[in-house]
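Student: Take a look at the letters that make up each chain.
Number of protein chains: 2
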Amino acid sequence: MPQKSIADAVREDRLWQRHVDLAKIGATPKGGVNRQALTPADGKGRALVTSWAEVRGFTTAVDAIGNLFFRRAGSDPDALPVVCGSHIDTQPTGGRFDGTYGVLAGLEALEAAADLNLVTKRPLEFVAWMNEEGSRFQPATMGSSVYSGANTLDAMLAVTDGDGVTVGEALPATIAATPRAAPRELGAPMAAYLEAHIEQGPRLENARKTVGIVTGIQGCRWFTIEVLGDEAHAGTTPLAARKDALRRALNMIAAIQDIMADDTDTVRFTVGRMEVFPNSPNTVPSRVLFTIDFRHPDLAVLTDLGDRIAAICEAKAGGQPVTVRETYKVPPTTFDARIVGHVREATRRLDLSMMDIVSGALHDAKYMNDICPSAMIFVPCEKGISHNEIENATPEDLAAGARVLAEVLIALANE
Amino acid sequence: MPQKSIADAVREDRLWQRHVDLAKIGATPKGGVNRQALTPADGKGRALVTSWAEVRGFTTAVDAIGNLFFRRAGSDPDALPVVCGSHIDTQPTGGRFDGTYGVLAGLEALEAAADLNLVTKRPLEFVAWMNEEGSRFQPATMGSSVYSGANTLDAMLAVTDGDGVTVGEALPATIAATPRAAPRELGAPMAAYLEAHIEQGPRLENARKTVGIVTGIQGCRWFTIEVLGDEAHAGTTPLAARKDALRRALNMIAAIQDIMADDTDTVRFTVGRMEVFPNSPNTVPSRVLFTIDFRHPDLAVLTDLGDRIAAICEAKAGGQPVTVRETYKVPPTTFDARIVGHVREATRRLDLSMMDIVSGALHDAKYMNDICPSAMIFVPCEKGISHNEIENATPEDLAAGARVLAEVLIALANE
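Chains as they are written, first to last, in our numbering: chain A, 1 to 415; chain B, 1 to 415.
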């Protein structure tokens, strides 16, 4: 009788039950999860995942920024591990799958390997990165950025929450929640990194595909624009005599929307925040602040269109002061072609429908791609809704993605 | 030797000094005035004006809503008074001239008449209307609206401020500040009403004219528009899949700006307030609220353009919910042609430069025009700035307007 494949050993019911059980920690009345990084709920969640791993004999390690690793040993003690993972911290009104899925799919892959008594050359690991969401402490993707060296440990330990508590002060209690975790070196090398995640967008569902072959992460630029005008009486001041900060801001946004127009619907352009001063119905606004979130997978487009924003704002300011500050800038990520090829090949082998996709959101895999060959696997989420308590995904799709993940992990671990 | 005219008897220095002295009550560090209606400062201001009036033998009366009247008797005890006035309450960060000028110009006219020992057939009065600004208690023009019958006394006495204090509770202390004021009947008839005021706009200054012959007050309509969409992730959600409440709101405003375009620069169209929810840079807005303040002197235009706003919002809502509420609607006021003619004739007699003007702001004269023939006289204010601590006007212009006012009052009082 032929050996049962790792994909066959992935158990949909076990993976689903893990999601149900972990979602009880930080559960919200509307069916979502509030398990923000470095809160007591985060510690409880980490302890629960650790208890599941320890039962299977996986070893646990934690690094200085609180990234939590679980390892199933390989046959070659000197071989670098093949790592997968994501995060279990959530938004304040988050869902049951964002991040959590990538961690539990990793656990499921390792459990399936253990169920089969598979021997791999390389160790297999899954990781729960610390503070991917950036809700209590900014920036987001904090743990993976420190692991990869993009941010320094000292700088991140000094970050404060809204109450003035630092990461350095909050971290020990969270680390103490997994007392048997051994210390782990920051930046310890990996053979490869994989991250399974719900898409957080509607494209897979709309295309009726089960697996997204994530070829990269689009780049992102954030701008804050402040437009000044002169406060004036709405009844008495002729329009020609006004310096209306809001009217100018709207002209700027309209002109930027024009250059962002895109038949392929690839550009992501969002004005999400706007503040008007003094914000009184019968006073011409003297000051308007608005933000731009602009994303694109192509660095040339991201650079060209993004670099035109300041000049457009100047041109539409009518000689009044306008300041354009770029507050965030990350280039697009292109995942490793070999690892992406493994994902595509495994999906084909499992006869699952698939499409190539570029991630719209940032993920920890962005930083891992800087230090080792990396890729991601997306599965559909209902109506593309995420960062929301009603976030949903099906047990079948979650299991399908976990099977692809397990197949790729085993293939890479035996290379 | 010819009799000195009433205009010659108006004293620029005395009028200016009254402004300086009254501005000390509620003075702000930036040179403005905070003397909101029914506050202790309002009472002190009313007591100071009363002390000036009593020295000249003018009698004082107060009605049930706190409008404060000062009278110089005429020769015919049965004749209706010719009344002028404005208000001495201010915005929280108001100036020294808005309202105050109309009261002090009235005092100056009566003092000039007294200095000349003029005998008029009709009594001459000036009035300080209660709560024109509507800062602490809404609505604005409260006192004149009750006097004219547009609002009921009971409804206005029940109005509360931000702390839950009613007008009825705050009024007695203010009335007690002028203990010798006799009771006065609400709505007691007048022969005519005149109001001198700073323009609060830049047209007189720009045209280098000293006197604005105010032919009316433009009409005003206020709208509050609420646009709904769906919250979505700015990175993952394609633009075609979004229901972006802010983008829709901006399309609505652009389309309304188009129909409001006006080569004559007569339309006053202002979006002064905008609220965006959840107002986060990387979340597509799910709800936007904005206001429209639309004013025009022509009722047909006010009706036609204003009535098209709701349909435009519907058309630009892309099938998502939008609600358009009209929160305020006042038709244009046309002042009495005979009284306006008196103002024009007096200005010509005094050889002052003038232009016809329609008031952009509401004034107490709007309500007086409903019960007696009324008109207004504008003088320039610096750069058109008003409702601002830096509001300014020149002693010469203030005196010129007071001379016109005094001439008209005497002419009407002897008709």
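Read the hints as simulated data drawn from the structure, not as lab findings. Since the model is a prediction, treat every value here as computed from it, not as a measurement. Note that the Cβ used here is the ideal one computed from N, Cα and C, for glycine as well. One or more of the hints may lead you astray.
[Unchecked claim] Some chain A residues close to chain B (C-beta under 8 Å, calculated; not the full set): (1) W222; (2) L239; (3) V276; (4) N279; (5) A411.
Student: Min Cβ distance, A/V276 to chain B: is it shorter than 8 Å?
Tutor: Holds. Min distance 5 Å.
Student: Against chain B, with CB atoms and a cut of 8 Å, does the hint on A/L239 hold up?
Tutor: With a minimum Cβ separation of about 6 Å from chain B (threshold 8 Å), the hint on A/L239 holds.
Student: Can the hint on A/W222 be confirmed by a CB-to-CB distance to chain B that is less than 8 Å?
Tutor: This interface hint holds because 6 Å falls under the 8 Å limit.
Student: Is the interface hint satisfied for A/N279? The criterion is a beta-carbon contact with chain B at less than 8 Å.
Tutor: 5 Å, holds
Student: Would the hint on A/A411 stand, with a C-beta cut-off of 8 Å toward chain B?
Tutor: Result: violated, 29 Å to nearest chain B Cβ.
Checked against the numbered hints above, the structure breaks only hint 5 and satisfies the rest.
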